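Participant: These protein sequence lines are chains A and B, in that order. With our numbering applied, the first sequence covers 5 to 121. With our numbering applied, the second sequence covers 7 to 120.
In case anyone wonders, no lab produced these hints; they're calculated from the structure. Keep in mind the model is a prediction, meaning the values are calculated, not measured. There's no promise every hint is true.
Said to hold, decoys possible - Below, in silico cross-link-like pairs of lysine-lysine (PhoX-like), each with a Cα-Cα straight-line distance of 20 Å or less:
(1) B:K119 - A:K48
(2) B:K43 - A:K48
(3) B:K112 - A:K109
(4) B:K77 - A:K42
(5) B:K119 - A:K42
Claimed, not checked - Heads up, incomplete: computed chain A residues facing chain B, CB under 8 Å, no partners named:
(6) K21
(7) V23
(8) F112
(9) G115
As the list claims (entries may be wrong) - Stretches of chain B that chain A covers, calculated by requiring three or more beta carbons in the stretch to come under 8 Å of a beta carbon on chain A:
(10) 48–57
(11) 107–116
Every residue, glycine too, gets a C-beta built ideally from N, C-alpha and C.
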Amino acid sequence: DAMVIQNPRYQVTQFGKPVTLSCSQTLNHNVMYWYQQKSSQAPKLLFHYYDKDFNNEADTPDNFQSRRPNTSFCFLDIRSPGLGDAAMYLCATSSFQTGVSTNEKLFFGSGTQLSVL
Amino acid sequence: DQQVKQNSPSLSVQEGRISILNCDYTNSMFDYFLWYKKYPAEGPTFLISISSIKDKNEDGRFTVFLNKSAKHLSLHIVPSQPGDSAVYFCAARQYGGSQGNLIFGKGTKLSVKP
Numbered sequence: 005d006a007m008v009i010q011n012p013r014y015q016v017t018q019f020g021k022p023v024t025l026s027c028s029q030t031l032n033h034n035v036m037y038w039y040q041q042k043s044s045q046a047p048k049l050l051f052h053y054y055d056k057d058f059n060n061e062a063d064t065p066d067n068f069q070s071r072r073p074n075t076s077f078c079f080l081d082i083r084s085p086g087l088g089d090a091a092m093y094l095c096a097t098s099s100f101q102t103g104v105s106t107n108e109k110l111f112f113g114s115g116t117q118l119s120v121l
Numbered sequence: 007d008q009q010v011k012q013n014s015p016s017l018s019v020q021e022g023r024i025s026i027l028n029c030d031y032t033n034s035m036f037d038y039f040l041w042y043k044k045y046p047a048e049g050p051t052f053l054i055s056i057s058s059i060k061d062k063n064e065d066g067r068f069t070v071f072l073n074k075s076a077k078h079l080s081l082h083i084v085p086s087q088p089g090d091s092a093v094y095f096c097a098a099r100q101y102g103g104s105q106g107n108l109i110f111g112k113g114t115k116l117s118v119k120p
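Same shape as in the complex, but just chain B (with noise of 0.2 Å):
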């Protein structure tokens, strides 16, 4: 049973235009939420983060936005690039679990196009 969910695959923007990721999770003891980015043939890299005490912390281009009464956050790209395209993985920290524990989602991958 899925923690943490990205129901959309693939995501397909204009170059200039917003990227929206969305991720759900059901564990309301998670208290920490990360976005990590990937390309081909490398490892996932931290992108940007969010407390469960805030609804929104912003980084440049990408803004990460939290509704734990929906159990939902979701990942703004202003304006997308071409670089940008790569698979978004979502991931969960749970509070009082094992450190390192993230819990990820199957990732959204993204293709910028020029």
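In isolation and in its complexed conformation, chain A is listed as follows (with noise of 0.2 Å):
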């Protein structure tokens, strides 16, 4: 089934230990996200890519970058991890076409828990 899978599960890292955190999609969808969600809270966009165009939302700590090589894979790089980025990442994708209506509907992976220690 074509899917958006997220790795690893759970992620362990030290504080200030950089970390990557992996998603991969078969849906050859042209727009990827990562989200983060915190406990109790709710999800919040960090970045997107359309296409190769990244694009970061304007609250996004430097400290969080993208990386997307092909189509299939996008990367979150969490530069120096603190306490307070212990969260659980959402990655999403969707397919959008210029001009035409998009209702939005994304399809998330299962999602990467990272604890900083």
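Take the two lone chains and join them into the complex the hints point to.
Facilitator: Here it is in structure tokens:
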């Protein structure tokens, strides 16, 4: 089945130690997103790629970076994780065509739960 | 400041009865609203949506109502089933906003008891 896959399911890192979360998709969608969800909070968009175009949300900390080497893969890099970065990180995809009304139907992966020690 | 509010963190309903999940928003520029459902250890999955030009959308047991004047929408599940037990997120899109920037509420955990 076509899907969005996130690895690993759980990730533990040390304070200040760089960490990379990965996401892959078999849906061939042109847009990929990274959301951060802290406990009992709403998911919050960090950034997204529209094809190769990177779009950063204004309030996303510089500590968070992303790479999309090809259509199928997208990575979230946290350069120096702090305790406040412990959260569930959700990758999502959607198919968007310029000039076509979109319903913003996102397909989410199962998420990576990040712990920072 | 939350633009999408789900004021009930949890809701418990008996199987076969109606579940009503509520969502309020503050931004009049929102033009599209969605409900997502999330089971434990899984990502959210799309459930149903509604455009701001409509006031009702129905899909099987699920109906979403939109009251633009009150900036309020609700999700009705009839009849409720134990498999509906999950966290339900309300989300909204701002017209002209960046692609994919859905604003989510904090979610309501629905428990349907047999």
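Participant: Name the hints, by number, that the structure is in violation of.
Facilitator: 1, 4, 5, 6, 7
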